[in-house]
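In order, the protein sequences belong to chains A and B.
The numbering of the first sequence is our numbering, which starts it at 1 and goes up by one.
The numbering of the second sequence is our numbering, which starts it at 1 and goes up by one.
I should point out that these hints are in silico values taken from the structure, not numbers from a laboratory.
Here a beta-carbon is modelled for each residue, glycine too, at the ideal position from N, C-alpha and C.
Please note that the accuracy of each hint is not assured.
[Stated by the list, open to error] Which chain B residues face chain A? A few, computed with CB under 8 Å, are given here: (1) F124; (2) F127; (3) T128; (4) F129; (5) G130.
Take a look at the letters that make up each chain.
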Amino acid sequence: MLKGEKKITTVNLGKDNPVFLQILGICSTLAVTNYLKTTMFMCLGIIFVLSLSNLTISFFRKLIPSKIKRVISILLIASYVTIVDILLKTYMPDILKQLAPYVGIIIANCIIMGRVETFALNNKPIISFIDGLRCGIVYSFVLLIIAFIRELMGNATLWGYPVLGDWWVKWGIMTMASGAFFLLAIFVWIVKNKFTKEDNGVE
Amino acid sequence: MVNKFLSKLKINNIAWSLSMKRVLWALIPSILSSVYFFGWRSLFMILIVNIFAYFSEYLFIKNSNKKVHSSVFVIATLFVLTLPPSLPLGMAVIGVIFAVIFGKMVFGGFGRNIFNPALLGRVFVCFTFGPYMMGEWPAPPLGVLKGFKCWIVDGLTMATPLTDNSMALSPDLIMGNVSGSLGETSALAVTIGGIYLYWTKSANRRIINWVFISAIFMQTLLWLLNINEQVLDPFRAICAGGFLFGLFFMATDPITAPKHKEAQILYSVFIGVMTILIRNFSFWPEGVMFSILLANVFVPITDYYFKSRKKRKKIKNAS
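Only chain A is shown next, with the shape it has when bound in the complex (with noise of 0.2 Å):
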């Protein structure tokens, strides 16, 4: 069990990561990354329903029937949804409207349901909460790159603020879900040339 704690606590960012290699949650990557300020609410998001969810799963895993653990996950799974979108309405009620459908989406990302199936429906809970919060930060880490390259080259500021001067050509492809497409297949591009050749090297 030492063994396998220690796999999943190693954060690797470029191999085992879901985006770069299952391309698994690409639909939040392209919707909600125009703005590096949404994109870390809805990664935080994101990381809570995750980690969370696994976590009370794997509690439950032993008395939930096999007939309807899909059921049941994605009812445990809504639940936690709806409490970010309420705390954000309470708390934060200007960034729900930018973010306002995506934050239902966070349901059927397919990484929460992926992990939960593969991973907390059958290890122990503590595990299980790492590795929610595992994949969630490693998300969040190619969401938050691909929001800083979009908001810097479409809108020239960073967090709400002008960075660039006024010599920036804004990139309009940038604003739209095409740019988020192309920075994705770059970016994928070259963290799979990186990491297949160490893996070759190793093996």
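Chain B: place on chain A using the hints.
The following block gives chain B in isolation, referenced to the frame of chain A:
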């Protein structure tokens, strides 16, 4: 000669192919007209963009034994000729790098791309630097020598023939003495190049014929029905904008056009009709670019369908 020069620099040679050479020959009148009407900067732009296109392809194949295919120069030259004269050089370079890498090399190099790379590059620049691509259309300078005596045309902007309905049919429109993108304003120069391609069969005659017929048919129909006041009469509509340029150089691209007879007809009619529809019923003044890219999307499936239908017919006839 170019190969000798390049081998002195110790970089890869270029694999020239006859059809690509012919397209480059056919583009010479358009390049001359772009210099004549918009100044020497356009030639400089073509040179710089070609160099960047060469190196962005070179980056991909430097580890293999392949040579840089000459189609990259066709892509770069076609791409520049569709740009507005006053576009900053950096944007053209970004566009061509995108066109070569994402339009061609990502799919596996020459002969494997789905979309026309030059048009893909133009769409990218169009969406990325929108105001630069659509706002400014400087008019050609006055005088006999026009662009031959200046580096870049002044910022005197003028309505393009596509947006200005009052512009009468004049020799200017055919010669190209109007504002517009670098290579497409002169219908005469484009047609000379196009006829050369048509004559030598480097361009597919069926596609040219069908695109031309369907576009004229559609435009005449709209013109006779008098849908709105923006509809130009067919002859002016053909001469204005990038229609002829797209017809001769873009739609006939042998890689992205379909291979089967019926698929080619379908593809051509789609381009002709869509061009006119986009021109008259949308926010964009010109529709050639979008219609060719849209038609490219359907090329693989129509080709596949007609191929399998042919096979089925053969089996039926045999049995």
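Hints, one by one, checked against the model:
no. : hint : in the structure
1   : F124 : holds, 7 Å
2   : F127 : holds, 5 Å
3   : T128 : holds, 4 Å
4   : F129 : holds, 6 Å
5   : G130 : holds, 5 Å
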